[in-house]
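Chain residues, written in single-letter form:
Number of protein chains: 2
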Amino acid sequence: MREDYVHGYSEREAIRLVDQAETLSPLLHYDTSFPEGSLVLEAGCGVGAQTIHLARNSPQAEITSVDISKPSLTHAKALMGREGISNVQFQTADIMELPFADETFDHVFICFVLEHLPDPVGALKSLKRVLKSEGSITVIEGDHGSCYFHPETKEAINAWQCMIKAQKELNCNPLMGRELYPLLSEAGFKEVKIDPRVVYVDSSKGELVDGFIKKTIIAMVEGVKDQAIGSGLITPETWDKGIQDLHMTAEPSGTFFYNFFKGTAKK
Amino acid sequence: MREDYVHGYSEREAIRLVDQAETLSPLLHYDTSFPEGSLVLEAGCGVGAQTIHLARNSPQAEITSVDISKPSLTHAKALMGREGISNVQFQTADIMELPFADETFDHVFICFVLEHLPDPVGALKSLKRVLKSEGSITVIEGDHGSCYFHPETKEAINAWQCMIKAQKELNCNPLMGRELYPLLSEAGFKEVKIDPRVVYVDSSKGELVDGFIKKTIIAMVEGVKDQAIGSGLITPETWDKGIQDLHMTAEPSGTFFYNFFKGTAKK
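Heads up: the sequence lines are chains E and A, in that order. Once you know that position 111 of the first sequence is 111 in UniProt numbering, the rest is easy, because the numbers rise by one and skip nothing. Once you know that position 74 of the second sequence is 74 in UniProt numbering, the rest is easy, because the numbers rise by one and skip nothing.
Chain E with its partners taken away, still in its complex shape:
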């Protein structure tokens, strides 16, 4: 298990991940559905935040969800139990050394994982190995360089940039979304299609103001507070002002924009 997962493994973070998935599910997952009997691998399921939606949208598929973190899998199993989901099996596994035979799965699903891996092309090749011929892959990533907002203050940008820098310090790629096309191509997938999924929020969209700006974005930024201040990326005063200013984007005159990328391809 990697101890340095940028968002941490706290209970609060697990709640943030599930909140986020709930808010974003209609945008990201509505068109991902696998037929009865399909063998689907979810790679890097974490606490099961996306697994709920994957399983609900494909209730007749047989899903195997793997993660390198045992505590996350324990959390995920408990979550499936509470949600009454029974078509998912969990297994500890490293994406780079998957314990499955070649050409085992019809589909591979991987969401918000590549950004955290040091060798994303290697990971995609490993996933391709266990995919059946003509099997398909679905990859979802954000891109923290896609984010902008109104009003835009220096301190709010600084706080936001701290998250990007914190991820880079841990050898993650916070700008992964824009790279999905070249990475999938380089890994040898064909028929690569990238579909940007835009989250645009203004005050006419009350649910997103709360669920996205506050509970997803600001909560995610706040998660790197200790690391950002501790490593001298930002002063405590600038941090506080930045977080306060980010909240202004959730006011009636504020707007917020973020872009996810959903990629699909075939082996």
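Treat each hint with caution, since some may be false.
[Unchecked claim] Calculated lysine to aspartate or glutamate pairs in the DMTMM-like style (CA-CA distance at most 25 angstroms, straight line):
id : chain 1 : residue 1 : chain 2 : residue 2
1  : E       : K205      : A       : E186
2  : E       : K77       : E       : E13
3  : A       : K190      : E       : E251
Treat the hints as calculated values from the structure; they're not laboratory data. Remember, predicted model here, so these are calculated numbers, not experimental data.
Model the placement of chain A on the given structure of chain E, informed by the hints.
Same frame as chain E, now just chain A:
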């Protein structure tokens, strides 16, 4: 006529604007169509780049297109003649002092204009005055802060930022897109709806690689070269490297992202 229009009034710029409108028309204008006999005001038509598409999508509407620049209107009239478009009348006018009675028009259309005006809310209020009760407005703007690309080099970002700074030097607002919702609300419009229109380009989209990255974006950046170097925003060497690097985003491993905003509202 404003002499300081950031993109200039050159013949090359007129060609860029028409090229750009041609590439972006399906994205921006496909759903803007006004019924037979509608009285439509296009505010700030410039050289007629958007007018062609507005007129073609509403062939039975009576369009009045105004601009503050007589040379631009001469260009626009000639363009309509060449394109065989006959449902547009042109007139010189300042958006802030429109020579029309209250409640004259059924619709107002304004595209890539607000960003250049020192008082956008005042302009929207002026347009609202000439709109009939329950009439509607369509506003389209870009947002230069929405742009990002892969690969991302320091010099490419610098060159791009020069365009943002050049616009700000001329009191324009290169980040207008994100402000459409609060501006339309502040001007007193109701039922404000903002729809982000994403341009995402990778090498599977050959037409956009050429029409958008090269002919729209890089051509637009190149348009501020003299101003940027002349006012010391960037060195000639960094500029050349930046432009060269922006071209890398049009290579097979490159990607490019930009976001337009289309707003509609009622009086």
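Taking the hints in turn, this is what the structure says about them:
1. For the suggested pair E/K205 and A/E186, the alpha carbons sit about 17 angstroms apart, so the restraint of at most 25 angstroms is met.
2. Pair hint E/K77 plus E/E13 holds up; C-alpha atoms about 17 angstroms apart against a cutoff of 25 angstroms.
3. Only pairs whose Cα atoms come within 25 angstroms are accepted, and A/K190 paired with E/E251 is accepted, the gap being roughly 18 angstroms.
Checked against the numbered hints given earlier, this structure breaks none of them.
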